[in-house]
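A.B. asks: The residues making up each chain are set out below.
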Amino acid sequence: MTAFRKNIRSYILVIALVVIWLGFGVAQPAYLSADHIQDIFMQMAIIAIMACGMVFVIVTGGIDLSVGFGAGFVSVVAAALLYYRVLDGPLAAMGLSGPTLEIVVALCVILIGIALGTLIGMLQGAIIAFLLVPPFITTLGGFNIWKSGILMVTGGKSLFISSNDTYKFISQGRIPQIAGLVIAGLAVVILFVMLFRGRARKQKYGIQVQSLTWELVRTGIFAILIFGYVFIVNGASVPGVPFLVLILSAIAILMSYVSNNTRFGRYAYAIGGNREAARLSGISIKKSLFSVYVTMGALMGVSGVALAAYVGSGTTAAGGGYELDVIASCILGGTSTLGGEGTVFGAVIGALIMQSLSNGLQMLNVNSNLQYMIKGVVLILAVWADITMKKKKA
Amino acid sequence: MEQDAILEIKNVTKEFPGVTALSDVSIDIRKGEIHGLCGENGAGKSTLMKILCGVYPFGTYSGDIVYKGKILRLSSDSIHQAMREGIAIVYQELTLIPLMTVGENIYLGKEPRIGPSVNWHKLYSDAGEVLNRYKLPVEPHEVVKYLGVGQMQMTEIAKALSEDADVLILDEPTSALSEAEVDKLMEILRTLKALGVTCIYISHKLEEFFRITDTVTVLRDGKVVTTQPTKALSMEKLVSLMVGREMKERFPKGNRKPGEVFMRVKGLRATDPEDPAREVIKGVDFELRKGEILGIAGLMGSGRTELVTTIFGEYGLLTGGTIELDGKQITIKSAREAMRHGISLVPEDRKRQGLVLIQTILKNISLPNLDKFSGFMRINGHAEIAEAEKFSKSLSIKTPSVHVAAESLSGGNQQKVVISKWLMSEPKILILDDPTRGIDVGAKFEIYKLMNQLAESGYAIIMISSELEEVLGMSDRVMVMWEGRSNGTLGIAEATQEKIMARATGVEIA
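In the order they appear, the protein sequences are chains Y and R.
Under my numbering, the first residue of the first sequence carries the number 1, and numbering increases by one thereafter.
Under my numbering, the first residue of the second sequence carries the number 1, and numbering increases by one thereafter.
Keep in mind that the hints were calculated from the coordinates and are not lab data.
Just so it is clear, CB atoms sit at the ideal spot from N, CA and C, and this is done for glycine as well.
Heads up, a few of these hints could be off.
As the list claims (entries may be wrong) - The list that follows gives simulated cross-link-like pairs (lysine to aspartate or glutamate, DMTMM-like), each with its CA atoms no further than 25 Å apart:
1) R/LYS351 x Y/ASP35
2) Y/LYS286 x R/GLU348
3) R/LYS428 x R/GLU407
4) Y/LYS390 x R/GLU407
5) R/LYS351 x Y/GLU276
6) R/LYS333 x R/GLU389
7) R/LYS428 x R/ASP476
8) Y/LYS202 x R/GLU389
9) R/LYS253 x R/ASP126
10) R/LYS428 x R/ASP275
What the hints assert, rightly or not - Quick look at which bits of chain Y chain R covers, simulated, 3 or more residues with Cβ under 8 Å:
11) 13–26
12) 75–83
13) 280–290
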C-alpha cells in the first residue's frame, strides 16, 4: 500500500480533473462532446510537451523562463523556412518533386527545429552549469533574446505556411481511426506484458509482489481509459486521434521512464533533493544540469515545430506567456519549486487541468478578463491544499 | 525540596498516531540547578523539550506543566511566548543567520526601535551588556560567519538569555564542539548557575553529566526511569539505566590484525576552495594499513575534515605532497575518481552531506552506485532493490522497507544508510568522519561492531572522532592533527587522553 500512498497525489489530480469535466459537462453538455474532448487534448499538447522537460528543470531546483519565446523562435524559424521555401530549391535540385518533396521538406524543417531548440538548450545549459550563472537570470536573458530573435526573423509580420500541408499535419492532423485502435491495442498489450514480466523479475530477485488482482485492476483501468479515449475521438466530426496527442503520449511515457529508470533522471532528483550529498556521492553536478537544460531545449524544439504547424504561421508573438503556463502545469502537478520532487505524469495532468479550466470558462461565456484571475486563484489554492495535506501527514 | 521547584512536569503524556512518545512523565526541576536529561534517541527527550517551549502547545498533551506555581499554557505560535515567560532553548543545530552580526542575531525579531526604525545604538549596547553579564567572550559587531563553532554557540546562548530567561534548555550543546570549547561551555554554565539561571541539559556524552549536572533524569521509551542526584550515579549505572541492560563495554573488542601498508600520505598540503590563498592542510603524513582502524584526533578547526575531504577529491587544490595507494602514486580530483580508487567517505554531517532526506532509503543507498545497475541507459530496478535490501538487512536498519523516506529514520539508522551506500560501492578504504555524532548509545555500539567487522574482513578504516574516549576505544593507531599538520601518530598501547591532548594543542610537537 506504500505504492498507493506514494501515488496519492496523482490520484487526487485525476479526481480533480474528472470533477472539473463533470462540473462543466453538467453546466454545458457540449463540453463533454467528442469534438471538444479532442480539442482539449490538442490544445494542451504543446504546453504539456514542454512541461515534460520543465519538471526536470524544476526538480533540480532551477527554472526556465525562456521556453515560451524559445519555442516561439523555433516556430518562426520553421515558418520562415517554409514561407520563403528555403529548402524547396536545393531539394528539388536533388531530383525530388511533388508529394515526396513536400514530405522531405517537412521532415527537414522538423529536424532543423528540434536541433535549433537543442542548441538553445545547450547554450543556456552551458551558461548555467559551467559558468554558474543562476538559471533564473540566464533564462530571463534568454526570454528577451529569443523574443528579439522572433522579431528579427518575422520582420514584424506573420509568415503563413501555405505551401506544405504535410508539415501542418503534425499539429492539425488526425491519424486514421483504425490506426488509433491498433496503437491503443498495442499499448494495452504492452502494459499487460510489462505487468507480468515485472512480476516475474521481482520474484527472481526475491522482491515482494503486490496482489495480482490489484495490479490487474489498475492496468485494466488504464486499458479502459486508453480505449475509451480512442473510441470517443474516433466519433468526432474530424475523426481520429490527433497526431500531436500521439507525440505527447510518446514523450510523456519516455520522460516518465527516464525520470525513474535512468541515471540522468535519478541524478536530477538527487541534485534537487540535496546538492551537497549528490556531489559527495560522485555525481557530476555540471554534467547533470547541462543535460537537463539540453533535454528541455530539445522538447522546446519539438514544441516550437508543433506550434508553427498548429497556428499555420509564424507570428510575432509566438510562444509569449507559454513559459508561465508550462511552469504552472508542473506546479499544479505537484512539482516542488524547492526541487527534488515532481512527476512527469503530474505535469501532464496539470497542463490538462489548466486547459480544461480555460475551455470550460470560455464555453460558459465567463468574461475573458476574469479567466486569468480564476486560473491564478486555482493555482494558488491547489498548492495551498497540497501544503496543508503534507503537514497533516507529518 | 518540593517547594523550590521552578518547573514541575506532572504526569505528562503525549501521543502521536500509533506511538506514545511520553507516558506519564513527572519531573521536578529545582530552581538554580543544572538538571541533566539523558536517554537514547527516541526516548522522548525532544518531545518533552518541544512541549516546554511550545512547539506542541497546551492542550495537545495530557498532564500539566507547572511553572513558578502556575500552570503553563502555551498557545500554538508560542516560541516567543515561552521566551517571554522566561523559558529559552538552545537547539542542537545552530539557528543563526551567518551574514548578520552577533548583535543582530541576538535581537533578531525583537529589535529595539525608535518609531519604525531600528535603534542600532541600543541594540549593540544591549547585546554587549548581555554578553558581558554572562561572561561570553564574543564581540557584538562580529559577523557570525567568521566565528568559530564555539563562539556561535555562545551567541546562541546570549540570544536565548537576552530576555532574562529563568530556565535555559540546552539540547546537545556540545555535539559540534571541540574539547576545549566544551570546557569553555562548562565554565559558562557554572557562571549561569551562579547567576541563578536554571538549566536543563540534554546530551549524549555521558561524562558531561558528571562534570556539570546536579541531578539527572533518565528517560527510556517515553517513561521516566529515575531522577537522582548525579553524585549517586556512575557512568556504568547511567548507561545501564538508559538502555535497560548492563552494557559492560562501551566499545566492543575487535579481533583486528592490521596487515601491510595500503595507503601512504606524505607531506600533503591543500588550500581552501573558497579562498585559494589560504592553506588549510599544511603538511600531513600518515600510513594506513589493511585491516586497521586509524583514528584521527584533533580539535575542531585542526583540519581533520578538510584532510579527509581532500583525500576524497572534494576539497581545495592540492599544493604539495603525495598520496600513494598500493605503492602507486595517485591523484584524485573528484568523488568519482576517489570511488574508482576504492575510497569511500562517510561525511561529517549526514543530513547535509550524506543523505537526500526526502528520498527513500533505496534511492539513497544506490545513489553513488547506479553505474553498477545500469546498462547503456536503463537502471535494473529489481537488482537495485534486491541489493539495497541486502544491506538494509545486514546492517539491521530498523525500517519496515527500503521504500521509506530517509528523513523518517532515527539518527543512528540514518547513519547506517549512509554507511550502506558507501559499502555498496565496494571500497577498500572507508573513511568515517565523526560517525557517531548525535547518535544514541545503543546505535553507537552497533556502529562500532560494524567497524570491527569491516576491519576484520580487510577494509582499511580511517575514523575521525571528536570524542577522545571513542578514538582510544576504537583505534589501532591514533594520528593527531594540530593546526592543519599531522602531529605524530601514536600506537594504541602508548596513547592516553593526556598525550593526545598535548599533541592536539601543540604542547608537544612530534
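A.B. asks: Would you mind marking each hint as holding or not holding in the structure?
C.D. replies: Hints, verified against the model:
{"no.": "1", "hint": "R/LYS351 x Y/ASP35", "verdict": "violated (53 Å)"}
{"no.": "2", "hint": "Y/LYS286 x R/GLU348", "verdict": "holds (24 Å)"}
{"no.": "3", "hint": "R/LYS428 x R/GLU407", "verdict": "violated (29 Å)"}
{"no.": "4", "hint": "Y/LYS390 x R/GLU407", "verdict": "holds (14 Å)"}
{"no.": "5", "hint": "R/LYS351 x Y/GLU276", "verdict": "holds (10 Å)"}
{"no.": "6", "hint": "R/LYS333 x R/GLU389", "verdict": "violated (32 Å)"}
{"no.": "7", "hint": "R/LYS428 x R/ASP476", "verdict": "holds (17 Å)"}
{"no.": "8", "hint": "Y/LYS202 x R/GLU389", "verdict": "holds (13 Å)"}
{"no.": "9", "hint": "R/LYS253 x R/ASP126", "verdict": "violated (54 Å)"}
{"no.": "10", "hint": "R/LYS428 x R/ASP275", "verdict": "violated (32 Å)"}
{"no.": "11", "hint": "13–26", "verdict": "violated (count 0)"}
{"no.": "12", "hint": "75–83", "verdict": "violated (count 0)"}
{"no.": "13", "hint": "280–290", "verdict": "holds (count 5)"}
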